[in-house]
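Enquirer: Respectively, the protein sequence lines represent chains A and B.
Quick note: the first sequence uses this note's numbering, first residue 1, plus one each step.
Quick note: the second sequence uses this note's numbering, first residue 1001, plus one each step.
Since the hints were derived computationally from the structure, they do not count as laboratory data.
One or more of the hints may lead you astray.
Unchecked claim - DSSO-like, lysine-lysine: derived pairs with alpha carbons at most 27 Å apart:
id, chain 1, residue 1, chain 2, residue 2
1, B, LYS1107, B, LYS1068
2, B, LYS1107, A, LYS78
3, A, LYS15, A, LYS78
4, B, LYS1107, A, LYS11
Chain residues, written in single-letter form:
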Amino acid sequence: EAEVAQSPRYKITEKSQAVAFWCDPISGHATLYWYRQILGQGPELLVQFQDESVVDDSQLPKDRFSAERLKGVDSTLKIQPAELGDSAMYLCASSSAHGANYRETADFGPGTRLLVL
Amino acid sequence: KQEVTQIPAALSVPEGENLVLNCSFTDSAIYNLQWFRQDPGKGLTSLLLIQSSQREQTSGRLNASLDKSSGRSTLYIAASQPGDSATYLCAVLTYSGGGADGLTFGKGTHLIIQP
């Protein structure tokens, strides 16, 4: 069964350093999401892509976060510089849903757990 | 802005009991509502997806209902087992001008089933 792949699974870094996370969605899924989940909270959307285009990045802290999906397939989320408050689980999800046909669930990857010291 | 609330935040019950988890949302303009399960330190597993036109969905011992007009959903777990212990998250997919926003999640219900 196809799965969303994420790497690394765990990352420890010091504040002010740069970190990058990678996501490979399920083949054929045009929609890709990055979520951040702080311990004890629900995931919050950071950015949504439709193919290579950003659909929603209103919750992305653009002074330090960036996301790209250059060829409309895999995606990278970067933080520079990392801050203590960025410690969280970063989840990638993909979906084949488009237009008004949202009958398919989004498939989530295993996440990258980030600890900023 | 869509807001999702889950009650209770935590629940501990003996094995074998039937239980209900509650979810409410503020904006009824949704495409669908989903229930997810999350084990500690892991990603999310979709349990049930209810389209906005549906009233309920069932999968095994799980039954989810949706009352879109009142902004409520419940997840019913029958004959609970220790393996059901996890955090259960409710999420809604909301309309927006350009299509759909990403999923809006509640904070989850942390469930413990005592053997």
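Enquirer: For which of the previously enumerated hints does the structure constitute a violation, in increasing order of number?
Expert: none
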